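Chemist: Under my numbering, the residues of the sequence shown are numbered 8 to 608, in order.
FYI, nobody ran anything at the bench for these hints, they're computed from the structure.
Since we're looking at a predicted model, the values are computed, not measured.
By construction, the Cβ of each residue, glycine as well, lies at the ideal position given by its N, Cα and C atoms.
Warning: the hint list may mix true and false statements.
[Unchecked claim] Think about it this way: if two alpha-carbon atoms lie no more than 30 Å apart in a straight line, the pair counts; the simulated DSSO-like pairs of lysine-lysine are: (1) Lys49 - Lys146; (2) Lys24 - Lys337; (3) Lys234 - Lys359; (4) Lys91 - Lys49; (5) Lys557 - Lys490; (6) Lys181 - Lys251; (7) Lys173 - Lys91; (8) Lys211 - Lys171; (9) Lys431 - Lys577.
[As the list claims (entries may be wrong)] Derived DEER-like restraints, expressed as beta-carbon distance ranges: (10) Lys42 - Lys296: 22 to 32 Å; (11) Glu497 - Asp221: 27 to 37 Å; (12) Glu80 - Val561: 55 to 65 Å.
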Amino acid sequence: METKDKEILRGGQFLVKETDCEDIFTLEDLNEEQKMMRESTKEFVDRKLWAHWERFEKKDYAYTEECMREAGELGLLSIAVPEKYDGMGMGFVSTMLVCDYISGATGSFSTAFGAHTGIGTMPITLYGTEEQKQKYVPKLATGEWFGAYCLTEPGAGSDANSGKTKAVLSDDGKYYSITGQKMWISNAGFCNLFIVFARIGDDKNITGFIVENDPSNGITLGDEEKKLGIHSSSTRQVFFNETKVPVENMLSERGNGFKIAMNALNVGRIKLAAACLEAQRRVINEATKYANERIQFKVPIISFGAIKAKIADMATNAYVDESACYRAAKNIEDRIAIREAEGNSHQEAELKGVEEYAIECSILKVAVSEHVQHTTDEGIQIFGGMGFSADTPMESAWRDARIARIYEGTNEINRMLSVGMLIKKAMKGHVDLLGPATAVGEELMGIPSFDTPDFSELFAEEKDLLKRLKKVFLMVAGSAVQKFGPDLEEHQQLLMAASDILIQVYLAESALLRTEKNAKRFGEEAQATQIAMSKLYLYRATEIVIQKGKEAIVSFAEGDEQRMMLMGLKRFTKYTNNPNVVALRTQIADKVAADQGYTFD
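Start from the sequences, fold in the hints, and give me the full structure.
Modeler: As structure tokens, this is what we get:
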């Protein structure tokens with residue numbers, strides 16, 4: 008087990024250690040069982056969701072519930088649930104896979120699915136007592152019952168621990184009486200069980216409770232919210248008025264609610280990223296089909312360079328996002344396996360496995376939610392006037408995509424978290440940032456090498472550039488930490504700039520590693536388009552690193568220090584051979600057009 012442990016980088020270590028392409032998991036590594044699961048998920052989505060996408064736009068909440076029931080019957084709600092509680096007990100990659108392919112047709116259903124399987128069920132499987140799990144999880148796994156999660160309040164959003172909902176112990180010590188108001192509760196209209204967070208007395212931290220949805224027990228619901236998108240996702244306020252909850256329904260222990268909420272969000276973040284993948288593929292497919300068929304100036308609009316640029320960028324984002332999501336998912340799965348082999352319970356292993364990669368979960372949540380928004384936006388643009396019409400699924404895809412940047416902690420919170428968590432890990436000694444950051448500082452003082460390296464091997468230049476992009480992060484973040492120390496978290500704009508560099512490094516590296524691995528086994532010719540996408544993304548990532556690096560440097564450094572860091576930025580982001588961006592985009596778009604859509608998964 009030790010050798011396996013050495014191969015798997017800890018969370019955040021991608022920044023300071025090299026990853027071998029053989030050590031990452033890609034979609035091309037799926038086993039037969041996983042491929043069959045993907046096919047049956049897609050079959051359900053095409054038949055039940057995609058064929059009826061308009062019903063979801065008409066606030067047909069009953070249809071969402073009907074689809075959820077069928078998903079339960081097909082076992083799709085139970086992938087992550089251990090077998091002893093009537094689940095399938097699949098590994099983390101398989102749970103990501105189902106979440107990915109079930110979420111592409113409509114945001115209404117994917118929200119109901121995510122809220123139920125994730126934050127509605129998972130807190131019990133991960134924190135529940137054996138009795139709680141036996142009682143509730145089988146019902147949730149089969150879709151006999153549905154779950155919802157009550158954390159947000161009118162005054163407690165991003166600051167989740169500031170909730171005012173109270174839990175008061177009865178005189179006989181047998182139950183808690185819960186009173187308070189929760190809002191934006193997904194699945195509230197048809198759920199049987201709530202995970203509710205409330206404060207006992209003047210406790211510093213909130214506590215979690217499992218509350219059955221019984222209207223006669225002081226539970227009332229507000230009207231369905233009127234929302235920009237996800238129209239058929241049931242979203243209501245939930246009011247608790249002295250709702251009696253048996254003491255044995257406390258989740259974990261008193262004051263542990265904030266921890267439960269945060270850990271549920273880590274899993275939620277990477278699953279949300281997965282839930283934005285198939286939406287991108289489907290939008291690309293629809294846009295490509297339309298661009299192939301739409302004739303203007305006597306030719307299909309797909310033949311125009313302006314359209315090709317859009318298709319190429321959309322496909323590239325989807326490919327890169329897949330690469331990063333499945334890389335992280337397998338890291339988590341392997342870390343869980345290591346912990347179980349060391350004697351941890353499944354609960355503990357899963358919690359710690361996901362927590363280990365909390366930085367990557369935040370990175371993915373931000374990047375993929377922003378890419379799906381961009382893809383749906385360009386989808387509308389390719390459709391032109393028809394894209395703006397509610398008669399095509401483009402405008403609903405665009406509206407549904409918008410919530411992804413708010414769910415599971417806003418993208419602003421997640422940007423700051425990713426850098427903040429990395430610095431905390433460095434201070435605990437889990438990731439050595441200080442050594443590499445010091446080395447970068449010394450390199451800035453030294454004389455640069457003017458040798459022309461040998462870039463004849465596939466991705467040799469790209470990997471060299473990637474190494475240098477990591478140095479930009481170390482230079483910027485290292486200097487900022489030195490300057491501001493623990494006060495750095497108050498400098499949010501600097502954290503945001505640093506996190507954008509971090510995000511681009513992780514995504515660009517994930518795509519390069521996936522393509523390198525596949526080029527070695529399938530041949531470079533078979534991976535020609537994937538090679539082009541990896542190169543195009545790295546070019547775009549480098550431009551973002553230049554912009555964000557400069558923004559940070561000119562904002563906190565002055566005089567000689569600023570001049571030296573700007574020179575370092577230039578040195579670290581320089582290509583020896585610039586890629587031909589237009590040629591790369593054309594190559595990618597022509598392949599997507601010929602295939603009538605996205606065929607890289």
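Chemist: Compare the structure with the hints numbered earlier in the document and write down the numbers of the violated ones, lowest to highest.
Modeler: Violated: hints 3, 7 and 11.
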